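*Asks:* Spelled out, the chains give:
Number of protein chains: 2
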Amino acid sequence: MTASTSQNWSADTSAALRVGPGFRLADLDPSSTPGYSGGKSHGQKDLAAGVIRLDQLQERLYAESRSEATRAGVLLVLQAMDSAGKGGIIRHVVGSVDPQGVALTAFKKPTTEELANDFLWRVERRVPEPGFIGVFDRSHYEDVLIGRVRSLAPAEEIERRYGAINDFEKRLVDAGTRVIKVMLHISSDEQKERLGERLDRPDKYWKYNPGDVDERELWPAYMEAYQIAFERTSTEAAPWHVVPANRKWYARLAVQALLLDALEEIDPQWPEATFDVEAEQKRLAAT
Amino acid sequence: MTASTSQNWSADTSAALRVGPGFRLADLDPSSTPGYSGGKSHGQKDLAAGVIRLDQLQERLYAESRSEATRAGVLLVLQAMDSAGKGGIIRHVVGSVDPQGVALTAFKKPTTEELANDFLWRVERRVPEPGFIGVFDRSHYEDVLIGRVRSLAPAEEIERRYGAINDFEKRLVDAGTRVIKVMLHISSDEQKERLGERLDRPDKYWKYNPGDVDERELWPAYMEAYQIAFERTSTEAAPWHVVPANRKWYARLAVQALLLDALEEIDPQWPEATFDVEAEQKRLAAT
Chain A
1 MTASTSQNWS
11 ADTSAALRVG
21 PGFRLADLDP
31 SSTPGYSGGK
41 SHGQKDLAAG
51 VIRLDQLQER
61 LYAESRSEAT
71 RAGVLLVLQA
81 MDSAGKGGII
91 RHVVGSVDPQ
101 GVALTAFKKP
111 TTEELANDFL
121 WRVERRVPEP
131 GFIGVFDRSH
141 YEDVLIGRVR
151 SLAPAEEIER
161 RYGAINDFEK
171 RLVDAGTRVI
181 KVMLHISSDE
191 QKERLGERLD
201 RPDKYWKYNP
211 GDVDERELWP
221 AYMEAYQIAF
231 ERTSTEAAPW
241 HVVPANRKWY
251 ARLAVQALLL
261 DALEEIDPQW
271 PEATFDVEAE
281 QKRLAAT
Chain B
1 MTASTSQNWS
11 ADTSAALRVG
21 PGFRLADLDP
31 SSTPGYSGGK
41 SHGQKDLAAG
51 VIRLDQLQER
61 LYAESRSEAT
71 RAGVLLVLQA
81 MDSAGKGGII
91 RHVVGSVDPQ
101 GVALTAFKKP
111 TTEELANDFL
121 WRVERRVPEP
131 GFIGVFDRSH
141 YEDVLIGRVR
151 SLAPAEEIER
161 RYGAINDFEK
171 RLVDAGTRVI
181 KVMLHISSDE
191 QKERLGERLD
201 RPDKYWKYNP
211 GDVDERELWP
221 AYMEAYQIAF
231 ERTSTEAAPW
241 HVVPANRKWY
251 ARLAVQALLL
261 DALEEIDPQW
271 PEATFDVEAE
281 QKRLAAT
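Residue numbers (UniProt numbering), protein chains in the order written: chain A, 1 to 287; chain B, 1 to 287.
I should point out that these hints are in silico values taken from the structure, not numbers from a laboratory. One or more of the hints may lead you astray.
Label-pair ranges, simulated between beta-carbon atoms [said to hold, decoys possible]:
(1) Asn117(A) with Ala164(B): 45 to 53 Å
(2) Thr274(A) with Ser188(B): 51 to 59 Å
(3) Leu120(A) with Glu114(B): 20 to 28 Å
(4) Glu113(A) with Val277(B): 47 to 55 Å
(5) Arg24(B) with Leu120(A): 48 to 56 Å
(6) Leu115(B) with Leu120(A): 23 to 31 Å
(7) Val51(B) with Val277(A): 19 to 27 Å
(8) Thr274(A) with Val277(B): 34 to 42 Å
(9) Arg24(B) with Ala286(A): 50 to 58 Å
Predicted model only: the values in this text are computed from it and were never measured. Don't be surprised by glycine CBs; every beta carbon is placed ideally from N, CA and C.
Pulled out of the complex, with its shape left as it was, chain A reads as follows (with noise of 0.2 Å):
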């Protein structure tokens, strides 16, 4: 994040969240706030300036788009262990940004269909296309984590994967996609308070699954299977951040850190007319 944006942002927001080499999760305080001194008021604060900016960033990137002056598209791939807070992100900031400029895909458990595929196939299929933010909640990561932690598949099934993610998101980026991955980083015990609620409010109970316990039971797995995933994926081309999200307003605040981040590097401009400008004054004051 740019100074632009907000003084609170101490560095370079991408860089204080990366994972880089020696990177441990286990190290990483789900409370914290990286690379930002200001608190939930500030945090609040930003927010609300950074969708202004996030606004602009957006209608110049899908302007500029189609009159195919740039292939640059962004791809936001979230992450995280139930109620981490996915849900409120793709509502509080990826909802912030006009639609019509956003492609978003949940992924589900595969349908048949899909897992008689390739595991990337049915990812293929959702890479956004020029222009727009591409959001994927779940993405083809489930497929080295949970496809990890319950051997979904044989062992060298799971290690091929990670080269072939490596080979998609690099051919991605090659093809002008910024891809931000994030994973929402809570601890174990906020998730327990999290699912709680979710038992404890009648108009909670929806969001509740018995699965979400019996993957809470595998939490160590699940760490030991992220943490693995970040050590092969988190490539130059597409790198990996984590998010500290016990504080939810940080989490939100982060997230639109990265997407601006994005942005700002492709830096896209309101295209020029693509048609004579004056003769097409005359023809419509013809009319």
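Given chain A's structure and the hints, the job is docking chain B onto it.
*Replies:* Here is chain B on its own, set in the frame of chain A:
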């Protein structure tokens, strides 16, 4: 619209805008505000209040569908001449809804593959799932609008389509989808002004297409095609609504009101727990 949302709606919005027997598009003033007694500032206040109500209803609809307690869903079909404000409706009305509950499709000029199939083929594939608010930005009606005006298909094929559309929409409605068909109606003068603005501002060039003037020159033929479409396809199951759209604030408010009406009619409820709440609380506590 019920009084629950605003005193400024003097009557049932849906009824005020519905295309009934004897409706003449040519007689409707595109600057009027049918059913609404307030001015722009009231309209903006009511729109903001509607956002909150829409949010609540949408979440309940989505929640109920997740438990398979309902097959209800909504499909908003938007048709209009260029620059009438479809984009603004999607951005400001649809965009206020949680994107996780919205399925937006912008139908463009048909591809070769789409043309090789029946005109409803591409549309059927984009029918919203239960629990979703589907939005069609242009739709199967293009095939009896530009299709008719520009003779893109033989006359007898165009004729056949009206009946095929009615059958298709009846099927959707019988399956639980509320179909809200909206034409945003601007005057020819208003369009001229709006297209002119796109030619005056470099940050709007990308929204302009020389083809817009070609279509504009066929204005009377389009109005006739709309009139015929209304007469042939404004059915009891899926009536048309014509929303005067010279005043953007009114058009947005009216479309929001039509969505609210449909959702209030569905009256979605938080679903019962599909699991034993107490047993799950114990399981969670034990983790």
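*Asks:* Does each hint fit the structure? Answer for all of them.
*Replies:* Hints and how they fare:
1. Between Asn117(A) and Ala164(B) the Cβ separation comes to about 33 Å, which falls outside the hinted range of 45 to 53 Å.
2. Against the hinted window of 51 to 59 Å, the Cβ-Cβ separation of Thr274(A) and Ser188(B) comes to about 25 Å, which falls outside the hint.
3. Between Leu120(A) and Glu114(B), the C-beta spacing of about 26 Å keeps the proposed range 20 to 28 Å intact.
4. Remark: the range hint 47 to 55 Å for Glu113(A) to Val277(B) is contradicted by a beta-carbon distance near 35 Å.
5. With their beta carbons about 55 Å apart, Arg24(B) and Leu120(A) fall inside the hinted range of 48 to 56 Å.
6. Our hint of 23 to 31 Å for Leu115(B) and Leu120(A) holds, since their Cβ atoms are close to 30 Å apart.
7. Distance hint for Val51(B) and Val277(A): a CB-CB separation of about 37 Å, inconsistent with the stated range 19 to 27 Å.
8. Hint check: Thr274(A) to Val277(B), Cβ distance near 60 Å, so the stated range 34 to 42 Å is violated.
9. A hinted range of 50 to 58 Å is violated for the C-beta pair Arg24(B) and Ala286(A), which are about 29 Å apart.
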